[in-house]
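> The listed protein sequences correspond, in order, to chains A and B.
Just so it is clear: in the first sequence, position 71 is 937 by our numbering, and no numbers are missing.
Just so it is clear: in the second sequence, position 196 is 213 by our numbering, and no numbers are missing.
So these bits of chain A aren't anywhere near chain B, every CB distance computed over 12 Å:
#1 Ser-980
#2 Thr-995
#3 His-1000
#4 Gly-1010
#5 Asp-1011
#6 Glu-1182
#7 Asp-1200
#8 Gly-1251
#9 Asp-1305
Restraint-style ranges between C-beta atoms, simulated for each label pair:
#10 B:Tyr-294 <-> A:Gly-937: 33 to 43 Å
#11 B:Leu-33 <-> A:Glu-1144: 36 to 46 Å
#12 A:Asp-1011 <-> B:Phe-88: 33 to 43 Å
#13 B:Ala-324 <-> A:Ala-1269: 47 to 57 Å
#14 A:Glu-1144 <-> B:Tyr-294: 19 to 29 Å
#15 A:Asn-1009 <-> B:Leu-39: 41 to 51 Å
#16 B:Pro-257 <-> A:Lys-1411: 56 to 66 Å
#17 A:Ala-1245 <-> B:Asp-77: 45 to 55 Å
#18 A:Asn-1009 <-> B:Ser-108: 17 to 27 Å
These stretches of chain A come out as covered by chain B in the derived footprint (C-beta under 8 Å, 3 or more residues):
#19 942-951
#20 955-965
#21 1024-1032
#22 1079-1087
#23 1097-1109
#24 1128-1134
#25 1288-1295
Don't read these hints as lab results, they were simulated from the structure.
Even for Gly, the Cβ is constructed at its ideal location relative to N, Cα and C.
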Amino acid sequence: MRKHVVLLVALVTLVSLLAGCGPTPTPETITKVETKIVKEVETKIVKEVETKVVEKVVTATPEPTPAPERGGTLIWAMVDEVLGLDPHTNPLHRSLRLYELVYSTMTRLGTDLSVQPELCESWEIENDTVYTFHLRQGVKFHNGDELTSEDVKFSYDRVLDPETGSPAKSFLDVIDKIETPDEYTVVITLTGPNPAFLINIAHPNASIVSKRVATEGDLARDVVGTGAFKLGEWVPDSYMRLERNPDFYLEGLPYLDAIEWRVIPDQATILAGLRTGEIDVADLDAKNAQLARASKTLAVTTAPRLTYTFLAFNCEREPFTDPRVRRALSYAVDRQATIDAILLGEGEITGPLPPSLEQWALPLSEYPNYTRDLDQAKALLAEAGYADGFGFSVMVLGDEARARAQVLQDQLKDIGVEVEIEQVERGLYIDNWKNSNFDSFCGGNSGSPSPDYMLYRTFHSEGGTNVFKFKNDKVDDLLEKGRTTVDYATRKTYYDELQRELVQDAPMVWLSVANQFRVHQASVKGVTVMSDTSIVYAREMWLDK
Amino acid sequence: MSRYLIRRLLWLLVTLWALSFLVFVSVRLIPGDTIDLILGTSSILAEEQEAALRAYYGLDKPILQQYVVWFNSVLHGDMGLSIRTGRPVMSEVLERFPLTVELAVVTLAIALPVGISLGIASALKPNGLVDVLARLFSLAGMALPNFVVAILTILILSVVFHWFPASGFVPFSEDPVQNLRQMFFPAVALGMSMAAGVARMTRSSMLEVLRQDYVRTARSKGLKEDAVIVRHCLKNALIPVITLVGIRFGRLLGGTVIIEQIYALPGVGRLALYAIYQRDYAMVQSSILFIALCYVLMNLISDLAYAFVDPRIRYT
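The shape of chain A in the complex, shown without the other chains:
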């Protein structure tokens, strides 16, 4: 028996040793030399959005890189899946990516985030309020019908109809009337000047649908668009196959025969698939992207995102009713530390507008509370009556937000503030968020090249997503002015003051913007990573066989 015991112990030890010595990822020691970058896109300059007078904008044609090859199916792994097929009612990013490929919008954002014509060839603006769009001719829906001004009017009317329940209504609300003098001309009159209008109609939730299909069929089931790809097959939870649209209005595009989106919820599994060559491309987080960089066959293309993370306070709950308390927390946080810890250094500190929006964002040096100053923080707290600190809870969704909250929790201990983290399920999070049932939450918001989009709905006291009940008359005033002023120089003064005021009043502590990482086989070319996370340029991707 003793002999057996010894053998047993030996076996157990052996098994545990085997289990223990797996490949250990060593993120810190990987050198950041990227030897196989296919294309690095740096989105820096935002061109002026407001086109003042009667300039005709030239149709943008894609510039192909050295002889793209045709054909092939691109396997793209996703961690989450499209939630619904109706482009007007589903606002979440996971659904938008489908609409970006199978539907088209009137305008689109170029790789430098400037507005480009898409379904239209050109436009003229009169008095800042009357937009005349000239549509491309011969654009075909996937069912063969031609797209006319009727479809454009129908689509926007549908978005504006309260019965549709479209989230895009809030940014098309500025439309007063739509006229269609002929088949290829659409005249839209706005209620007032709105420099963001051209950017807003590039949003996938403002896609142009077929009037016929929408009225005779059901847009929640029938996907008939004008995009570069058609919906081929969808096996929910498994994969979605998009096929090349041979009648696409941009000659020569797309290069691929098909794109197959596979739903794989676990990033580690995706990385394994990339390594074996089963998967061609996927978006991964910082940690997995670093592991991918270590591999010899994979390339990583990156770009800074406009999505920003933050800690937001419920301004109607004590002690956050007092802006001094909020500002104190803003002084006490070490933003760079959150970037180093959570994003592994791959990110940047942000103010209310991300640094990549160079035309609008103030340099961080303008914000006094961006330099960590514990004494100032404590002084502010004392002034507000909380010299002994206080406690509050922060609501988070998902692991990254929780990890970020943990870092903040640690930092805030230094000024005597105790943070309790509540990680909740998605449905509960949304419910609480909607009903402002939280002390604070740590989350992220999507960004846009339009400063109005980034700030108005969140910080205006009547804003659509102002769930933290922030009310500041000066902010309201500046937001309204910024929204309706067309002249860039004047507008910039409003937004400059706005950013300062927002940071000073601190309804939230802005933290960081991260990089987006697209990991792909070296044979995948034409990879463009957009700051606003759009994938409309997937139509330019090709496989080098």
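Starting from the structure of chain A, add chain B where the hints point.
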């Protein structure tokens, strides 16, 4: 026997009905509904818009009324449409069922030979080396949750043999080789878990049978040991194992959510889970009822098999 059968089937219907009510009410009591999940935190609709959407999905009526509406349509054979895909929920569930069945069958194909032979080998030489190892294996396999075994499987197989799990699902009819490749990892993970329990059960059952008088008689008749084991012991020893396997198989048919998540298999379990996350109410209802049905039916079948195999058992 037929009276027993009818009684069991009636109970099955009652159970399913009670379950349907319970699930219906509880999923609607969880915070956040379909509309909230569709919109997420990217926008808050104006009140009329939300009201219009809610009315469209029938979510504005009181819960009991919604239940009656749902029950009524079920009686007419309409289980509802999935909010996500717009397709009938039952067809979605049934589409995934072949994968779940296949996984369950392959799991059994791995678990049974491994478990039963381990159990027999254990019982034949109690406290021998094989027995000690088998008991260790059983203990570990039963104590560890199946997803831990799953991750260990990936680790061991990828580190030692450099095999990586294949993702996705190709039906057997299309490409049998690829299909089996994809099934292999999850089936091994689940199979090892199950084999642990089977080995334990087989072992104790065999030990008991080996002690019986008729075994001693068989041996004294001069039968070879192999014949004794196979012809006389095995059948009787496997009776409790059948019951165990029946219940486990029923659970496997219900889909093992976490395994499906780890290996990216579009099975019934994951369907139910995602339906709950997205508050796709009709889908939650149908998928959970389906899982429950499988489980209860398998239970019934294994009880009947029990009676069939053991002549001492008679149901009235």
